[in-house]
Structures are given as C-alpha cells and as structure tokens.
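Now that you have both chains on their own, put them together as the hints suggest.
If you want the building blocks of each chain, they are given just below.
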Amino acid sequence: MEQNYPIKRIIDDTGMIVDASFEEQINEKLVKELYYNMQRIRTYDRKSINLQRQGRLGTYAPFEGQEAAQVGSALALQADDWVFPTYRDHGATLTFGKSMARTFLYWNGRVEGCIPPTGRNIFPPAVPIATQLPHAAGAAWAEKLKGTKNASIAYFGDGATSEGDFHEGLNFASVFKVPVVFFNQNNGYAISVPMEKQMNSATIAQKSVAYGIPGIRIDGNDCLAVYFETKKAFEHARNGHGPTLIEAVTWRKGAHTTADDPSKYRPDKQGENIVDPMVRMELFMKNYGYWDEKWIQEMTDKIIREVESAVEEMENFPAPNVEDVFDHVFAEMPAQLAEQKEAYLAHLERR
Amino acid sequence: MTQMKESNRENVKTSEMTMIQAINDGMRLLLEEDSRTIILGEDIGKNGGVFRATEGLQEQFGAHRVVDTPLSESGIIGTSIGLAVNGFKPIAEMQFLGFIYPAYEQIMTHVSRLRMRSMSRFTVPMVIRAPYGAGIRAPEIHSDSTESLFTHMPGIKVVCPSNPYDAKGLLIAAMEDPDPVLVLETMKNYRSKREEVPVGKYTVEIGKGKIVREGTDVTLIAWGAMISVAEKAAEQAQQHGISCEIIDLRTLYPIDRDIIAQSVQKTTRAVIIHEAHQTGGLGNDLVSIINDTAFLYLRAPIERVTGFDVPVPFFTLEEHYLPTPARVIEGIEKVVHF
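Line by line, the protein sequences are chains L and C.
Position one of the first sequence corresponds to residue 0 (numbering that gives the first Met the number 0), numbered consecutively onward.
Position one of the second sequence corresponds to residue 0 (numbering that gives the first Met the number 0), numbered consecutively onward.
Chain C with its partners taken away, still in its complex shape (with noise of 0.2 Å):
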C-alpha cells in the first residue's frame, strides 16, 4: 500500500468529497485492505449511521464486518478492547460525544492503560470515532466537546480534523497507530463544504497541526469547527489591517507545540479558541505551550476565546455559547492594541 506525503498531493487521483464522505470513503479502504478491520456501532450496519458515516458499507462488507450493536457503550468499548487485543482492528463509533459517558471508565481504566499495565505485552490499537460540538440546532446532550477529558488521560491520542482530507488521512493513519485514538469529528462540517480528497490511501500525521492561514501580527490557534470562525474573524481583522495567522491544531494529544512555538515568535501574540468549557479546557494546555516556547517574545497577555462554563445551552441559545467571529475580533483586537 502507497502512502503519500501531503507534499506530493498534486499528482493523485480525486474526487470531490464532504467530509462525510471522507471518512465513508476512509473506512471503506480500511475494510477493503485488512480483514482485521472491524466497524462497531448503534445504527451503522443496516442504517448506514445516523450522519451515514458508515452507509453502505455493511452491505458491501457483511454484517459481521460492520456490526450493528446493542446499545451499549460501554459494551461497545470494552468489547472493541477484547477484539484489538485478539488480533482484530476495531472502529468503534459513539454516535456523539456526549453519549461516550457510560464508556469513560473503559477507555480512562483499561483502552488507555492496558499497554503501561501489561508492560507493552497487551495492546488495544483501536479508533473511537465521536462527533461532536454544538451549533447545528441538536437535542439538548447532542453537542458536547468535551476534547480534554480524553486529552487529559495518559495512554491515548485524539485528533480533531476540520475538513475533508483531514478527516480521511487522520482515521487512516488513526488506524495504522500502534495504540488507541479518539478521532473527534466535528458534526458542523461533516457536510459544510465539499474539496478535492485523493480516491486511495494516505495518512495525515497524528502530533501535526497545520498552518491554514499565513499572517504576522497573531496566531489564532483552532481546530475543529472553529477554524471556520478563526477564518472569518481573520478576514474581518484584515479589513483592519491586522493580519492572522491560522493554526489548525488536527491531533489535540499529542500537541504539535513546534508550530505553535514558531508561529507564537514569529507573530508575538495569541488567541486560543475552542468551543470547550474554558476551565480545564486545553486553551490553558496552549497558554502552558506558549508559555513554556514563547514566553519571552509576547507583546500580549494570551487571549482564550471559548465556550463558558456552562452546559452547552438548549439550541435556541447555543449561538450564545459558541464562540462567534465578533468575539474572536475583540479577542484580536484586545491582543494588538494591548
């Protein structure tokens, strides 16, 4: 199987993808490739998944390939765990973030610690996809993102891509890890846009953020649907003459704290974003990065734009919990003119 670089991505085959269908696609290759690959969720067989991540797949595949489970989170976890460490490559799918709870032990006790407990000898290479956030008018529970629950426990990765061909190369190479990720997909963009995602296989790094937009005087640190409103606000700020720059953040463990190091020296100023409650949210791992990498080139203190410390609200007010354009603006503003 080739892999390809991001460099060299003029040269392949395409297609025009959702980021939905990035990731359909993703799993369809993961299956096709190695038997060992095994789906398991609550409605993604017959059903295709609720978002139709897994449409059409257990048709193509069969039902013992892409299983549709009881509804059973906890059951689907720990099983996956049994399975990955028998020999087979579990994508297991919580069909939203905020349903993942009844999980959390497995995943905190036994999917992130089972290597440091067992010394290496058992392993759980397995991917949790989860979709998340707020901001599409879900039932109240539906909109979590709750990233640094799972950033904050030792023993697995979690990635948050923003767009389609992130979306497809992080759940590969999500796959090919060695142990347990949490691929976070934001539900925002799973349809937002379409772009052109090469048709075969290819990995986007796991610890690589991604400079999505070039600028000198403040970095604007993302990912997930808020590079969308990074985006916005960036475009705004230019009207005024200031110029942004975009890091799109991709794995939230382990951090690339290089791009945030250069980007926070080069520009001197930062806002951190996320639509995460703010205390104990992983903007203040960020202000720690920048702190430890950048500390001495500041002009500003850092500025956190995020969710409150609240429950994400019923969806006739989640616009006020979200973090929107204007509040990044006046977070930008309030780092320049400081």
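Bound conformation, chain L alone (with noise of 0.2 Å):
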C-alpha cells in the first residue's frame, strides 16, 4: 500500500527541486512568505516554552518540526474559509490571522484566546481528539448549500485516525460531497504512542479509500510541497468535487506538551536525521537565488519585535473577570444561574 501512495516532495533534503510540476508558480514573493511565516512561528513556539519555563504562560503544547506543514496549508486559504485547528496547530492559524497576543493568552488560561479577529472563521481549537473533523464537513456543508467557493481545513494528528469522529467526519464529508481538506499532520507520536501501534496500516492516506475520495501523501517538511498540494485540494474543493485527504508526514521534534518527556518513550537519536523543515528551505533559497542575508537580518528582527509586543500586550491584558465564568453559557442566563452568581459576587465581596 506504501508504494500507492508514495512521498510527494518538491524539494529534496539538500534544497534541490526534485519536482518541477509547480516550478512555473514559484517565485520570490512566495518563497519568502512561506520562509517568513515559518520563521514567525517558530519564534513564537520557542518564546512560549521559555515562558512556560519561568512560569508565564501554562502548560504549552509545542510544533517545533511541524512549520512546513502548518504555514504552507494555511497560506494555501482564503479569507473566507474555515478553519478547524487542535491545541498543536497554533503555527497555522497565526499564519491565518489570529493575533498573536491572543494565542499566548490562550496558553495563559484565557478564554480570549480562543476569540478570532472579525471576518476570520477559525474555531477554538479541538482539545478531545478528532471531533472537529465533522465541524469542518458541517461549515463545509453549509458552504455548499449557501452556494460560495469557500471551504474548510480541519487539522488533526496521526491518533486522531484511530477516533470514531475521523470516519463519521470523512464520511459525512464524503457523502454528501462538501468542500473540505482534511490535512493530517502526521507527526510519529500521538503523545507516546508511535503510528504503528496506532494503526495496522503504513499510511493516513490510504484511508481515503474507505471514502472514495482523493488521499495524498507528502513530504510535511517541504514547504513547497504541502502549500501547492494543499491549493490543489482546496481547489478541487471549491470547484464542486468534494474532499481530500492529505497526510503530511512531519515530525514533533519536541514534547507533546511543556509536561511531557519524550526521552521516557522516543529512541535516543530518533528523527535526528529528519532534515529541520526551515533548514531545508534554507538550502533551497541558497541554492536557487533567493536568499538574501539583508531581508532575513530585517525579517527577524521585525519577527522578534512582534513577538515581544504579543508578550507584552498578553501580560498587560486587562485582568480576567469572574463574570466571565457566567455570562457566556446562555444567551440569556437562566434563574438559577444568575442566582449562583449573584451568591458568589456577594460572597467575594464579603471577603
């Protein structure tokens, strides 16, 4: 089955085109793009460990190996799909245009974070495992029956396969033909568990079978490869043909979160000759002409400037405020709710 459904890459670990379907499409506008947003996220992941580490942000699910994966799908949308990202998907929907400020808050405990600047359709992250792949087939749908060209992505892992909602979402999806990527970001691990004891079968893709739709296999680490494979899907989407299912094969080259500890279930030395996805593109940019030291110094220093103006408006937001914890359950609070809080204000006011 691994031979159907072979590794498409672009680029190969030394930075070569070993593809040239797309050659016509790439260009410099687009090479930095993609280079600056992975660049961004990456900041910004490492920033949150550390700041998980002196105490300033809570428990942080870091994607450090996966920002080929996760900015060459998101650059592949348009402003008006949806987006349907887990608690590691952070690096793709920054590039979609969540604010930055908002993503730390939401690892700093705030419901806030969940909240996506206006005009931009991205859910709160799916925390159980899978249940947002039919989130995204139901928008989808409601896409269709409204008759636009827009679709939804749904992000999710390689244990996420191995959910009920996986089949009931790309079934759903499938029936009833909507405009949906399925983008799955297999990663090795679902925290400790690695894809062959997830499941009997050598890859995500194959599972499209079971559908009868498109299943594509990637490089995850090839920029390139997932930004152009990922429009391809979209596009099909849109025009009318239904859902792909694409497997990025990547790697989480840190924790599953700031409390794991990899080194309890990962092989010393495993993935260390995986090719960081950023070095990669590296090589590529040297080797065909893009690179430019003046422009990566600027980028940086525009990326580290950002990042520490996130900080600082997350750490100066205003302060949570208890009434929060009950004014966004109903639209309109029911008695018994509005009586709890009223007894608790009281009781803090008496404190």
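Hints are computed from structural coordinates only; laboratory data are not their basis.
This structure is a prediction, so every number in the text was calculated from the model and none was measured.
One thing to keep in mind: the hints can contain errors.
Using 30 Å as the maximum straight-line C-alpha spacing, the simulated DSSO-like pairs for lysine-lysine come out as follows [said to hold, decoys possible]:
#, chain 1, residue 1, chain 2, residue 2
1, L, Lys145, C, Lys200
2, C, Lys209, L, Lys340
3, L, Lys28, L, Lys285
Pairwise CB distance ranges (calculated) [said to hold, decoys possible]:
#, chain 1, residue 1, chain 2, residue 2, range
4, C, Glu54, L, Arg237, 31 to 41 Å
5, C, Gln235, L, Val324, 42 to 52 Å
6, C, Ser34, L, His346, 44 to 54 Å
Cβ atoms here follow ideal geometry from the backbone N, Cα and C, with glycine treated the same way.
The structure is reproduced here in structure tokens:
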C-alpha cells in the first residue's frame, strides 16, 4: 500500500527541486512568504516554551518541526475559509491571521485566546481528539448549500485517525461531497504512542480509499509541497468535487507538551536524520538565489519585535473578569444561574 | 410571524392532532418560514422517520433540507454544529434517546460549550430531538430516560412535552432560542391522544411549567409520560378525599422553580414522579428546589416515585420498572399520612 502513496516532494533534503510540476508558480514573493511565516511561528513557539519555563504561561503544546506543514497549508487558504485547528495548530492559525497576543493568552488560561479577529473563521482549538472533523464537514456543507466557493480545513494528527469522529467526519463529507480538506499532520507520535501502534495501515493517506475520495501523501517538511498540494485540494473542493485527505508526513521535534518528557518513550537519536523544514527551505533558497541576508536580518528583527510586543500585550491584558465565568453559558442567563452568580459575587464582596 | 400566547388560544384556528402530528406540523412550519432550517437524521427523509415525525417533509422541501444522513449520531451532531455556526438552523433527530450516546461527546464538549469557549463569538442555535422512555414494548436499549445526563450539562436547555400542544409550541420555541435545546419526546404519548392544536405558529415558553390539575393537599411533579400516571393517581386519590395538584414541568433545564415553590408552599407536600433511575435523577434537583423554597412549609418529607437504579429491563418486565399509579398512590398516602 505504501508504494501506492509515495511521498510527494518538490524539494529534497538538500534543497534541490525534484519535482518541477509547480516550478513556474515558484517565485520570490511566495518563497519569502513561506520562509517568513515559518520563522515567525518558530520564534513564537520557542518564546512560548521559554515563557512556560519562567512560569509566565501555562502548559504549552509545541509544534517545532511542523512549521512547513502548518504554514504551507494555512497560506493555501482564502480569507473566507473555515479553519478547525487542534491545540498544536496555532502555527497554522497564526499564519491564517489569529492574533499573536491572543494565541499567547490561550496558553495562559484565558478564554479570550479562543476568539479570532472579526471576519476570520477560526474555531477554538479542538482539545478532544478528532471532534473537529465533523464540524469542518458541517461548516463546509453550509458553504455548499449557500453556493459559495468557500471551504473548510480540519487539522488533526495521526492519533486522531483512531477515533470514531475521524470516520464520521470523512464519511459525512464524502457522502455529501462538501468542500473540506482533511489535513493530517502525521508527526510520528500521539503523545507516546508511535504510528505503528496506532494503526495497522502503512499510511494515513490510504484511508481515503474507504471514502472514495482522493488521498495524497506529502512530505510535510517540504513547505512548497504542502502549499501546492493543499492548494490543489482546495481547488478540488471549491470546484464541487468534495473532500481530500492529505497526509503530511512530518516530525514533532519536541515534547507533546511542556508537561511531557519524550525521552521516556522515544528512542535516543530518533528523528535526528530528519532535515529540519526551515533548514531545508534555507538550502533551497540558497540553491536558487532567493536567500537575501539583509532581508533575513530585517525579517528576524521584525519578528522578534512582534513577538515581544505580543508578550507585552498578553501580560498587560486586562485581568480576567470573574463575571465571564457565568456570562457566556447562555444568551440569556437562566434564573438559577443568575442566582449562583449573584451569590458568588456577594461572597467575594464579603471576603 | 405572529406569536400567540397561551392565553388567547381560543381565537385561533385549530386542528385535531396527535403529538407526533403536532411535531410534524411544527417542523413543516419551521421549514416553510425559514430557508435556513435543515433537518438531519437517520431514516427521516424518504421513510419519514421511524415514528413518522418527518413524514412528507422531504417530499415537500427536498432532500437537501430534510436529509437522510449516514447512521452516525456523532456525525449528525458534529456536522450540525458546523451548519449552525455557519448560518443554518439544524434540527437533528436522534432515532432514540438510547442511541444518543455516540454523540454525547459532541453535545457535552462542543454543542453546549462553544458559546462559552468563544465568549459568544460562535453559538450553536440548534435543536436535537430524541424520542425517549419505556412502556411501548420496544426492543431493549430503545427505552432510556436519561434526561439528567443532559440537564447536568451547562449550556444546553432540555424540554420534555407531554401533549400535542406543548410538543409543537416547545419545538418552535426551541428553534427560536439562541442556544441549543434538547427536545425529549415521550414515545408513549406520540399517539396516545388527540387534541386541538393551533394550525399556525405559536410558542410555549421554555422554562415554564404548567399546573395541569389544581389541588390542595399534595403536589405531584412529573413530565412526559409520567403526567398521565400522575393524573390517574390523582383521580384515585380524589376518591379517598385527597386533593392532588399536578405540575407538568415541561422544561427540565432551566427548571421553573417558581411554580414548584408556589404549589408546594400551598399544598405543603410533594411527590416527584419520573421514570429515570433514582440516583442522580432530576427528582433530586427538585427535592433541592423544594428545600430551598418551601422547606418551612413542608408537613412531610418529599417522596420520590421513580425508575430503579437498574438498566431499563427488557419489555416483558418494563411495567415493573416504570412508576405506576399504584406506586404513586402509595407515595401520596405516605406524605399525606406522615
């Protein structure tokens, strides 16, 4: 089965183009945009880990190693599309337009961190596994019924394919032929369980056969491959041909979360031979004359300033309001809840 | 669209309907008046639903609005979330409440919580309909009455009509509600009686119970199929000179505390009747409400006549599981002669 789903690559580990299919669409603007966004989310990610260690953020789920998969897919979206991320896809949502300060806030235990900017359809991250796949199918279904060209993307990991909602989401989407891209980041591990213990199938892409939809397997560390193949899947969706399952093979370099120690379950040196997606992009840029030291320096400085100012915004955000605990459960607060709220606020007053 | 209060029921055109016909009529109106209404469920389209709740609707409104879905409860609720958030108003049918559990995660974690998790940026105005309850000799697992699994969930309302008028009025109210509503429909009452139901649109307010029998000695609190059990018990009690007041709770969350408080303060005694299992059952919340609002009026401890803490038995034994008028009478006598 594996040979039926060869991993598609545009650039190899040395940064050389190995598939010229999209060559005429590769230009400086695109290459710089991809690299800039990868650098931006990596800086954010590393900053978050540091802040967590300093006690300035709560438990954090890092995504280092998956920058190409997240940036490449998110840049393939259009402004009115719907994004259904997991808790490890804030690299994708940041790229799609989620505020960085709000993203920090989410990891600092603030519900405000779930709110996307006006006009951006980004769902709060799915915390249970695979439940967002039917949501993505439903939102895409609505777009189809409205007759728009908008589509959904559902992000999920390798472990999610074992959940019932993976099947229910893909089945609904394929039966009703709705415009959704199921974007799997196969990063090797679901917390501690490796892919071979997660499933008996050699690939995730092959599961598409069961739904009669296209399934493609791409090198998730090749940002160009991710970008162009996701775009293709979106075109397929927007043209009324229904869902695609993409398996982006990547690697979670770090821990599951800052509360996890991968040395307990991952063999030493595992993944060491995987070329980092940013290194690969850098090699490519150098090979093809896109590398511009001055631009790199300016961009890096700009990102550091952005991240610092987002941290500042997060830390100066108005203190959480205890009334918010009660105020967003129903549009109109039921009497018993209003009573609980009132009694608790009175209790706080008395303290 | 004119809305009608219960008080002016007399002046409107009505038609005789069973509860299932009233529900069908309600859905037809909702499909007619709002193109965003979409009905999803198993066997609801071509087949018209296993109880015929959606009979004729696909024919009239098309397969894209009355949708035969895959056999996939989590998928039905999960995609309904996406539809609701993106501008549609889904009515999702669970074929039986006993089959809702695959969707429990979607309801608990997303349907009821999305408003809170997004500070009202994303809301899920959807209706979930589920036939529930024992007493119709259905195969096993089809007879659950697990309403308290849902009343325990913050962020979703739960209603449970006992008659055709309330069934249609609560369904329409549920669709007009900005938040998700679970409508529990007692299968036992689907065709048990006909009554005059307004042909147009009207609502029964969510969160309001109703006194269906006035009395002075004891308050019986029930809903769904247990209303007729309470009524039979009240008739028999009357023959022994005991006057029962019956509250049809109609909404199980948020509960109408005022109607309970007023009634129990007046009668000074209460018997709670539900077919759900006793432990963790809604009856315990009702005891708390009476404790909070009428404790000093009580002349006897509150009685609960409920299903037992056992799985609903296979149908040859289900009559032993369900509260009967005879068991309710015993409860009434216990509180009256305390």
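Against the structure, the hints:
Between Lys145/L and Lys200/C, the direct Cα distance comes to roughly 26 Å. Compliance with the 30 Å bound is thereby established for this hinted pair. Simply put, Lys209/C and Lys340/L have alpha-carbon atoms about 27 Å apart, close enough for the 30 Å limit, and the pair holds. Simply put, Lys28/L and Lys285/L have alpha-carbon atoms about 15 Å apart, close enough for the 30 Å limit, and the pair holds. In this structure the hint that Glu54/C and Arg237/L lie 31 to 41 Å apart at CB holds, the actual value being about 37 Å.
Separated by about 48 Å at the C-beta atoms, Gln235/C and Val324/L satisfy the suggested range of 42 to 52 Å. Distance hint check: the CB atoms of Ser34/C and His346/L are about 48 Å apart, consistent with the given range 44 to 54 Å.
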